[in-house]
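J.: Here's the letter readout for the chains.
Number of protein chains: 4
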Amino acid sequence: MVNGPLGRKLRMGIIGGGALSFIGKVHRTAAQLDLRAELVAGAFSSDPAKSIAAGRQLALNPARVYATWTEMLDAERRLPADKRIDFVTVATPNDTHFQLAGSALAAGFHVVCDKPMTNGIAEAEQLAEQVARSGRVFLLTHNYTGYPQVRLARQLIESGELGEIQAVRVHYLQGWMRSRPPGQVYPRGNWKYEAGRAGVSGTFGDVGSHAYHLARFVTQIRPTRVSATLRAFSPGGALDDYGVAVLRDDRAIITVTASQVTHGRANDLTLEVDGVLGSLVWRQEQPDELTLMRNGRPRELLTRAGGGADAAERFTRLPPGLPEGFIEAFANLYNAAFDKMAGGQSATFPDERDGVEGVRFIHQVVASSAEQGRWLPL
Amino acid sequence: MVNGPLGRKLRMGIIGGGALSFIGKVHRTAAQLDLRAELVAGAFSSDPAKSIAAGRQLALNPARVYATWTEMLDAERRLPADKRIDFVTVATPNDTHFQLAGSALAAGFHVVCDKPMTNGIAEAEQLAEQVARSGRVFLLTHNYTGYPQVRLARQLIESGELGEIQAVRVHYLQGWMRSRPPGQVYPRGNWKYEAGRAGVSGTFGDVGSHAYHLARFVTQIRPTRVSATLRAFSPGGALDDYGVAVLRDDRAIITVTASQVTHGRANDLTLEVDGVLGSLVWRQEQPDELTLMRNGRPRELLTRAGGGADAAERFTRLPPGLPEGFIEAFANLYNAAFDKMAGGQSATFPDERDGVEGVRFIHQVVASSAEQGRWLPL
Amino acid sequence: MVNGPLGRKLRMGIIGGGALSFIGKVHRTAAQLDLRAELVAGAFSSDPAKSIAAGRQLALNPARVYATWTEMLDAERRLPADKRIDFVTVATPNDTHFQLAGSALAAGFHVVCDKPMTNGIAEAEQLAEQVARSGRVFLLTHNYTGYPQVRLARQLIESGELGEIQAVRVHYLQGWMRSRPPGQVYPRGNWKYEAGRAGVSGTFGDVGSHAYHLARFVTQIRPTRVSATLRAFSPGGALDDYGVAVLRDDRAIITVTASQVTHGRANDLTLEVDGVLGSLVWRQEQPDELTLMRNGRPRELLTRAGGGADAAERFTRLPPGLPEGFIEAFANLYNAAFDKMAGGQSATFPDERDGVEGVRFIHQVVASSAEQGRWLPL
Amino acid sequence: MVNGPLGRKLRMGIIGGGALSFIGKVHRTAAQLDLRAELVAGAFSSDPAKSIAAGRQLALNPARVYATWTEMLDAERRLPADKRIDFVTVATPNDTHFQLAGSALAAGFHVVCDKPMTNGIAEAEQLAEQVARSGRVFLLTHNYTGYPQVRLARQLIESGELGEIQAVRVHYLQGWMRSRPPGQVYPRGNWKYEAGRAGVSGTFGDVGSHAYHLARFVTQIRPTRVSATLRAFSPGGALDDYGVAVLRDDRAIITVTASQVTHGRANDLTLEVDGVLGSLVWRQEQPDELTLMRNGRPRELLTRAGGGADAAERFTRLPPGLPEGFIEAFANLYNAAFDKMAGGQSATFPDERDGVEGVRFIHQVVASSAEQGRWLPL
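Residue numbers (the working numbering), protein chains in the order written: chain A, 1258 to 1635; chain B, 1258 to 1635; chain C, 1258 to 1635; chain D, 1258 to 1635.
Derived by calculation from the structure, the hints in this document are not laboratory data.
Incorrect hints may appear among the rest.
Since the list gives no way to pick one copy over another, a pair counts as held whenever it fits inside one copy or between any two copies.
Claimed, not checked - Distance condition first, Cα-Cα at most 25 Å in a straight line; then the derived DMTMM-like pairs of lysine to aspartate or glutamate:
(1) Lys1340 - Glu1295
(2) Lys1597 - Glu1382
(3) Lys1597 - Glu1386
Modelling step: build the complete structure from the supplied sequences, incorporating the hints.
T.: Below you can see the structure in the form of structure tokens.
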């Protein structure tokens, strides 16, 4: 069962994640799911009026609903230690992560930050160094690593159950861009496809980097080179909306496919791993199931019910067969970070080093594609 | 998207649901999931020391952690209106529901109560009358009706999409009783198999009644007669652990199968409905999918993504493909009850009338089985 | 791999199964699939002209295409032993099976007969006695027992892998009757719903009896009593098109559900078996997979690829992953009967004793339903 | 329903496909499945004694069981037109296809040939020219295009239902090489991994070329360039056993992944197609199902039962829900070729032009991989 209570609830402040934001609600719900933290402060929007309105709607103490993020950091750092926030969640467009996360760290707070960590590689490296110097906790919400069966997959591989890992196939397929009326502004997340704000990549930066991180996390393979082929199929698309990247180290080969133009797919994040002794498959849309295959033996479905699933137990709240989902997985990462913030032992979670890797991945994928798939270092 | 904020957070008190309780945690998490309610008081155990310990662990105000449920009701009713709890959640063994729910109503509180509503039929009827007189809200947590695709199924049928419903098959299969070491006390929920506490039935009362209610809720058919065949396969089992009930009204026939002795099943609650114009299938363990079938047309998977799923939208929090699960469905019932508590329009939720029906169902199933499957009125 | 060649190809004569017949083509293809038999004679229709036409279309020797079945039996028995047919396949409406199979036996031929063996119980018993006296082979084409994974299921149970079997659920659901325009004659198989020709039951006689036999075959449980509830939902339907039967012996309980009014189901024959040590599930529409479940162990998918599937090997022709289907399963029964016809050891196949049981099952289901589900002996 | 009888059964001669051969039995069974052809002659092995033994076992006329293939072609061409074989099936190792198919054509026979058509590109082109000059029918058994739902997929795309096709993902994953004991000779098919006999590629030549052809056949896209990355993971493996190829034309991008080292996969051939208006998925191991997805509409499962499946009707023998498999699909290609041999209209089938394309594909994949994934023309 999932981590028990801390000595006290940690105090959360959030930047961004206002009224229309899907991810803001996810952060609030996940952080508070297990009653180990409480949202007490926020600067919800770059528009002060919107920020105040959002804070009121969430019934926050008006004194701690701030018009701007600078106000929030300033005011909170001056509060007494037993009042001020413990951590800041950064739930804003990509191009602001560097400044916001850096400022929150500088103000002495732990940081929870949406991926990608930054838009530029140099920024990512600089931020990672700042984290290291600060002694603060930095959680990058590659949230799919919070699923119990993903943890189980990692443990099976770490324990050698699958032997040496030689081939990995991972994809993240969505279809929603096919439904975007041409020329029309998308109600939220529209910035994701503005080159300036999203960064150098569209779909690969958005979901491809999740897929890559998942493969990295589960197999712990560190690829050294990448060759990629991207496409922008959508009419007027400035950034990629489809692509495939082939990665390799000395031995293994990893294929990452990402799409936001595949009709009918919602969040089809699928991981397949081939080892010398066995292979496995996991799909995000059916997260409670991990398939383990070994020649000459029956195909095994590892659910949260025993049968090898003990490894995942720390990451689960309910008896097997009662479905857990996205929020729970997201909350599992928060919990791991909370354990570390509270000074205790914590499960592994994605941090600033993963952030640097992720930003580099996105950049080299784009660069390789621009050079006709030339192999580039990672 | 799920219901927005109320004017203020509703205040929750809980009876039962202490340290080891699975369902207590579910109630706490579900009720607070959307930040529309807050747990402020509790009498967590029939053992005062345990109650105090549980309240401390949950960081409640010690003044509102009570040694007994009578204390809680007494003290809370005397608090000023803007402090005292709004509703009481009853999360205790079956044999206490009647007294606790009745007392909470008498103290002026809304009630959220685990099913079955009571152990006896007369008690259920008496409690239902009390609810009616009280003007209070009564939510019976037949939680499976909180899933979005269950709501969609109900709406499809209500709208006539499937034509007249003629046949229904529903089952709830579990396997955990096969793992109970003979003679050994089960860590929690053990009372479920003590005839005195659980009521007249084991498995049919526990999960069979959920299955029955699901069929009732989705089809709105009210069967008038039942014929049942129960078994107690477990060594030393006093109560049924397997059985099948056939129900009918003038036209339709409904089959309810319940098991807790089917190896490898965790919470396999499956509903199949046959109408003159179409049929559908829903499975709790894959709750985001509803299958709709019409001869001569492709089999359709209705996910939370469009394609007919609009009906379910009020009951969902996340974009399609990001799995929602048990907690979310449970929270959907709380939200519906909250809307009604707040005096607004609410979605349908299981209430005291369903409670009476459910208790009668359990009793008549057991009685019919005792009489070799004789048809009895429902 | 499937049985090897016999010393010579067995010679097949067929009664019925003409031009429009689906099952006639299945018999011809299955019997000849492994090149162990050859169709050499036929009386394909009760209409002599149609019989002749069918024989010509099949390029049979015109001398052995007969205008009537009596001609065929007469002429073939007089041919020299190395020319005449070895066996007669009876692929005609139910009401003719008794006379045709009996006559073929009397003429000295082995018989392959569609189910049900006869329409009446007394006829079935009389025919079974005739088979016993004749020393001829009698294959009743309960063809679903020919699937490799069905054989594997039987072997797992026989070997005690699942422990004592206590509960079985089997259903055969179809939907095609929902598509029959009212009052319109169905192109083929229309006799199936004429009380005179089909026998006393519609759907239960047609597909329910397959489901029952499958449960019998796999578990080897012999139920002693039945309680049934049938319905005729189709407008103007004289015979049942939906129903559920509960069966029991001293210990076990078996539920058989049959439908031909479930939209979107084609041939959904599904078997679920619960034993003290494990449970299993098999579905005809995905025949190459058998699911084995044991608490505390992963759910296992037994395909034709190793992993326990060795038992099924005699019943398979292809490497795993290359799908085998209905024809192959049908051919497996023919092969078993061929082995016995050739005087060798044969795998188990449904025979005249199963035929008697099946006819009794159908009659007692109908009788029980007529008496409000009263328990009747089987 | 599948093609009806021809005026007479076509006469089949086979080269190769002897006792231990899996594919020989498939050819015999598939060609004769619908009683439109008959095996009458064979040269089953390069070892004359084995050939004679195989022919005897198949009960062929001993006069037409030949010690060598040259004998067979010589003798058969001299038989009268109403006796001699109509076509020759070449079921031998890859390196012999060129000579055998060419000789059979030269002798005036139609040819059915296993893929790849030849080992070398020049040979393939020469053979294709010979076919063109000969006026004979040439069927290359890319058998997976024989499945009804593959035909339906092609028709849906051809009719514009999916709009312009922009992305395709296809893979063929097997695992059996992981079970090959090091240094041990594999009982059959061992030549597949001898560079001399198999050609320049192992897994890509064997199953990757099937995957490529499937994508080609269904989408009718003709890629112009390929970039590939192959691996030989098996200890001592001279040829590739894993790899990924990216293909493109002016617009579309196709990914082909092939493996024979993925534990637990048997014949996982899966095709995914993304069009502007819709996407589809088909899996060989569940061949009766085609999934069609369009944003905003339910996911549709197209089975052989209506609902858009009419296109596939010519390629099916059984009512929906009665599984058809590999043999039936294989037989569908034979039937198409038979129709053309008989001078009639035929459905599309893979022929000598596909053969040339396939050989070029294999060579360029290997060449690109050798040059670090450089884009090469196809």
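J.: Now tell me, hint by hint, if it's right for this structure.
T.: Structure-based check of all given hints:
no. : hint              : in the structure
1   : Lys1340 - Glu1295 : both (12 Å within a copy, 20 Å between copies)
2   : Lys1597 - Glu1382 : within (22 Å within a copy, 52 Å between copies)
3   : Lys1597 - Glu1386 : within (19 Å within a copy, 52 Å between copies)
Hint violations for this structure: none, all hints satisfied.
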